[in-house]
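Protein chains: 4
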Amino acid sequence: MKVRVAVVGGTGYAGFELVALLQQHPKVELIAITSQSYAGQCIDEVFPALRGVSSLVCEPLDLESLVTRADCMFVALPHKTAMEVVAPLVRAGKRVVDLSADFRFRDAAVYEQWYQEHTAKDLLAEAVYGLPELHRDKIRSARLVGNPGCYPTGVILAAAPLLAAEVLDSDSLIADCKSGVSGAGRTPTLATHFCETNEGFKAYKVGEHRHTPEIEQELSSLAGRAIKLVFTPHLVPMSRGILTTLYANLSGRVNDEEIEGFYQKAYGNAPFVRVLNPGQLPSTLHVRGTNYCDIGWRLEPRTGRIIAISAIDNLTRGASGQAICNMNLMFGFDEDEGLKLRVWQP
Amino acid sequence: MKVRVAVVGGTGYAGFELVALLQQHPKVELIAITSQSYAGQCIDEVFPALRGVSSLVCEPLDLESLVTRADCMFVALPHKTAMEVVAPLVRAGKRVVDLSADFRFRDAAVYEQWYQEHTAKDLLAEAVYGLPELHRDKIRSARLVGNPGCYPTGVILAAAPLLAAEVLDSDSLIADCKSGVSGAGRTPTLATHFCETNEGFKAYKVGEHRHTPEIEQELSSLAGRAIKLVFTPHLVPMSRGILTTLYANLSGRVNDEEIEGFYQKAYGNAPFVRVLNPGQLPSTLHVRGTNYCDIGWRLEPRTGRIIAISAIDNLTRGASGQAICNMNLMFGFDEDEGLKLRVWQP
Amino acid sequence: MKVRVAVVGGTGYAGFELVALLQQHPKVELIAITSQSYAGQCIDEVFPALRGVSSLVCEPLDLESLVTRADCMFVALPHKTAMEVVAPLVRAGKRVVDLSADFRFRDAAVYEQWYQEHTAKDLLAEAVYGLPELHRDKIRSARLVGNPGCYPTGVILAAAPLLAAEVLDSDSLIADCKSGVSGAGRTPTLATHFCETNEGFKAYKVGEHRHTPEIEQELSSLAGRAIKLVFTPHLVPMSRGILTTLYANLSGRVNDEEIEGFYQKAYGNAPFVRVLNPGQLPSTLHVRGTNYCDIGWRLEPRTGRIIAISAIDNLTRGASGQAICNMNLMFGFDEDEGLKLRVWQP
Amino acid sequence: MKVRVAVVGGTGYAGFELVALLQQHPKVELIAITSQSYAGQCIDEVFPALRGVSSLVCEPLDLESLVTRADCMFVALPHKTAMEVVAPLVRAGKRVVDLSADFRFRDAAVYEQWYQEHTAKDLLAEAVYGLPELHRDKIRSARLVGNPGCYPTGVILAAAPLLAAEVLDSDSLIADCKSGVSGAGRTPTLATHFCETNEGFKAYKVGEHRHTPEIEQELSSLAGRAIKLVFTPHLVPMSRGILTTLYANLSGRVNDEEIEGFYQKAYGNAPFVRVLNPGQLPSTLHVRGTNYCDIGWRLEPRTGRIIAISAIDNLTRGASGQAICNMNLMFGFDEDEGLKLRVWQP
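Chains A, B, C and D are the protein sequences, given in the same order.
In terms of numbering that gives the first Met the number 0, the first sequence has 184 at position 185, counting the first letter as 1, and numbering is strictly consecutive.
In terms of numbering that gives the first Met the number 0, the second sequence has 0 at position 1, counting the first letter as 1, and numbering is strictly consecutive.
In terms of numbering that gives the first Met the number 0, the third sequence has 51 at position 52, counting the first letter as 1, and numbering is strictly consecutive.
In terms of numbering that gives the first Met the number 0, the fourth sequence has 64 at position 65, counting the first letter as 1, and numbering is strictly consecutive.
These aren't lab readings, by the way, just hints derived from the structure by calculation.
Just so it is clear, the structure is predicted and the values come from calculations on it, not from any experiment.
Idealized CB from N, CA, C, for every residue including glycine.
You may find that some hints are simply not true.
Here are some chain D residues pointing at chain C (derived, C-beta under 8 Å) [said to hold, decoys possible]:
| no. | residue |
| --- | --- |
| 1 | Q23 |
| 2 | L49 |
| 3 | R301 |
Which bits of chain D does chain B cover? Going by a derived footprint, with three or more residues having C-beta under 8 Å, they are [to be verified]:
| no. | stretch |
| --- | --- |
| 4 | 184-193 |
| 5 | 267-275 |
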């Protein structure tokens, strides 16, 4: 008996990725895709790559109808809009994975400071932050998962084992992150125009990107104290991938074997983190289209610092693949069910 | 009981693609990868994307050992080297899919004119040209399949139904083809240097590319008369994909519905050809990483010509995916077994 | 005494290119840039590359003011809008180079068939098609130049000497053209989104692109008979450049030396055409940022055809550089004044 | 009377850039290009972009001949090889700009620790580090200039005014740098293969890149105390450009106006540094092909840090443009003579 699944807001890049992956998931039946802009059009007109793969017709959002047809909803709407849809679905007894920021924060005040008013605060207490490596057990029993942002996924996975091991000066964290253009969404803007991006590399929203408090929430929780980090996003002339270069001052002496041990302890059993051997460094090229997070590091005794580097695919691990992973946990499937994705090079 | 498979010459891009795909094929056990250059190294050192996916160690080529361990061999060696390996494997009773040009030609003289001396001519008579849409039945019973070149796959699939329908002036064919850089192989050269390719678009080997006689063999066979075509390859600053723009003079009046009918008749049951609706045109973006060939066309009454356009992924449909498709047919599996690959956009 | 020049519609890519080039032209003073969308903003806010290069503030279009301040106008507006501006400027005695399609056609009926109603038909008779290699003398005395389209520039330069030499079957011309994304303009659309373009190669507007009649006008005039050609534009994942691959049936025997002779005769004294040696082929990489058109060819005796290939930078030679070249001729300057542009590789 | 100039080692990317720029320099006559690999070939065969621009034939290196023909030499050889050529040229009374690392270090021990034995130590005392904004006066009278590395140029220009103003904790510097692929040179390697670079973003040589001591030398000299910084280079899938994201702890309170003041004081008269307005951030897109260094910053009171960001073209400002700038100073020309280069976008 397959889980009946709907994708609400299926015509952005995360939505496409959900459809493409769910279509091949052995335990799932994709029964509906909703879209305001493309209602009435076949999904393969929106995304020609789906020709012959899915012939679902985008439907306008009708919550009453959806709840009778699906057991699980992936909500891929902009924040604010998302919470208005998620709340009634959860209250109707459905399992929901929300890909917006609306249910990622435990503290409504933080959300409201960085985003806007929250109109479903009561659900924040039960919503689980959907990073499986950190919250696997809670996700299993969750009704509502707030699926992590793309940047936070890469930063938190690189930092968590080191913070847990208490080898960092937790005031010293700097995350220099680089993302492919698909992170900016499918809506055409000057910033995503080929000619303004190609051969251009730049930082943006320095010191003000809204993924900052999300990262800080999880790292503070791990460290047991309030952590403030510097987070600097950059735009790379490529379609997919995020590389995170994380800098921290070491609080004492530590060697490569110990660092490897911390990562292995944290991720040794995780199907989707690949801890590299000492000396190896990750590349976005090697995780494309997969749910893997590759992590490497370099100790720098000269300056007393560690540089930890992670690579993910921003659309798969940073959005839709992780969302499906969360659904797998919520429904008791194997964590990697439907996500043993083919690797790519090139 | 799975088919035991070996990849001979597994460390080029076609070899990587074979390993990545075979690793996920439900009816296959990949038992060996051979490589002269990387013997003794784990395949995931050669291709870091394979970390956690395959831990096979590249082995030097030892035919005697291989034939005891595998039922089916994919040979991904340069031509000339390939024939020296393929012949003993076939004679040892193994099924072989050869990705080189060595067993694509029915007429040894043509091979020798464009390549070099052929030392296993006796096998040419039984070798089958591995384009499933044209030779499905013969492939099923073949011991040896000559897997098509990347350009020929795109050109032949676009042209075949029109030639079969006898609506073209068969002296007028021009194939203007554009390939991503992976078609040039993994060995570093100035021509594949990022800085010499990026923002550079050019034609190469005009009038002398060795895929010419391969295309002509198949098209002539279909037309029942000797066809000579103009074939012009170009290099596109992208990693994967081939777009073929095929020009031909129409021999009479024909309309879109008739053209659609010819393509549907030829490919209506083929799992890996997507015939687009009239008015739609294919893009390499929409077939990336898949075994699909997308085909569209435009009639141009002003000039009495048809422009037929096909898109494939040169590494999947143009090499390794098609090779696995051929293996599927040879072993009685579904044509698309292990090849229901996730689509991509972007 | 410098020529006082204004750029009308200076905030698209052609406008930027005009500003960047005119700013360095030794015989020109750039006195105004007009822009509807950016009026009141400094041009370096629109194009940050211009910081420190130009501090002109975009002004709303005021023809009465402009004619008192400038001697020569470059009009880089969309067609239709262009003609409404060009006509009064010419009537006010100004020299005008119009970069739209509005004054490229000698026959208003052709324009009206492919575009829309023409409201300044009287100027068509005197407007000169601004391809210097074909119409150098007429341009010198022109009041109004219709600056060629980007594709036509590449196609006509490749074809003209062969047509003039009467060695082609003029019914057999096929121009398979490939353009970088800047040809689609700066306005963001899904088609110019980085993620929809990168790793995507496709044809578009097959059989219906409006540059077709423009090419046919010039080639017909050269051949002395009506020529219809097939013209197929493609989009390349790169920012700049057009490569044209031109196919034609030879009407008789001809050899490389003769072909070279035809091109040398046509372009031997032209500062901006580089006729390659037999065997060499052009690449867009080698003409980037310059006004050069590189031309190579390959005779194919097997099929009785010639393949002539040209490469240009679509923004420089295909728009603004050529426009300045036309201005140079109109004002009696050297053809390459201000256009001895630095070459690039990479 | 023009300065007679030779380029020694003219067939890498820096050499090409030198030739392309010197060819247009109004006060220079380029009299020779030497190349070991391409001796006897015309430079336009090596770099087809130079067709019609330069017809110099690459000559084998013959110091005795060179010193009779040229007044000034640009040496673009690999380090170690460079010093063996530079020393005799300087001793012969020639002005030399060396683009290798061989004459960038004041302390031979540092050079020998990171590179290898130095065989011309006596020249280190007089060699001037060729960053005009820091050492303009010394460069004017230098016989030998050690032209800065590409990464050091971007890092030092961003950091220098802040260190001079003593507003940073000088132990806290982290330079996260991102370079286009041309920085890796023209020799084909797997790392510069299009397919291994495209869609791949990665760090490399973390903690061990040889530009580290070069940056530390200049920053320590400015700060008046030994500075150790973390320097992390990354490879961006683009041809040209370096973006530097520099992190430092502020040693006290400071506001945007003060920071702007420090940069304006340092660079207000420098023709090749563009200090952006508060709130603006640089992009490699906006400096392509120019000698500009664009600098922006963001104060982050939340964490007490400043993030300073610079963008340069690695081949122009990071190598050949800067080398010519140094020559200009050495010969009493304007600093920007021959370097008022056209800006690009896109």
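So, going through the hints one by one against the coordinates:
no. : hint    : result
1   : Q23     : holds, 6 Å
2   : L49     : holds, 6 Å
3   : R301    : violated, 27 Å
4   : 184-193 : holds (count 7)
5   : 267-275 : violated (count 0)
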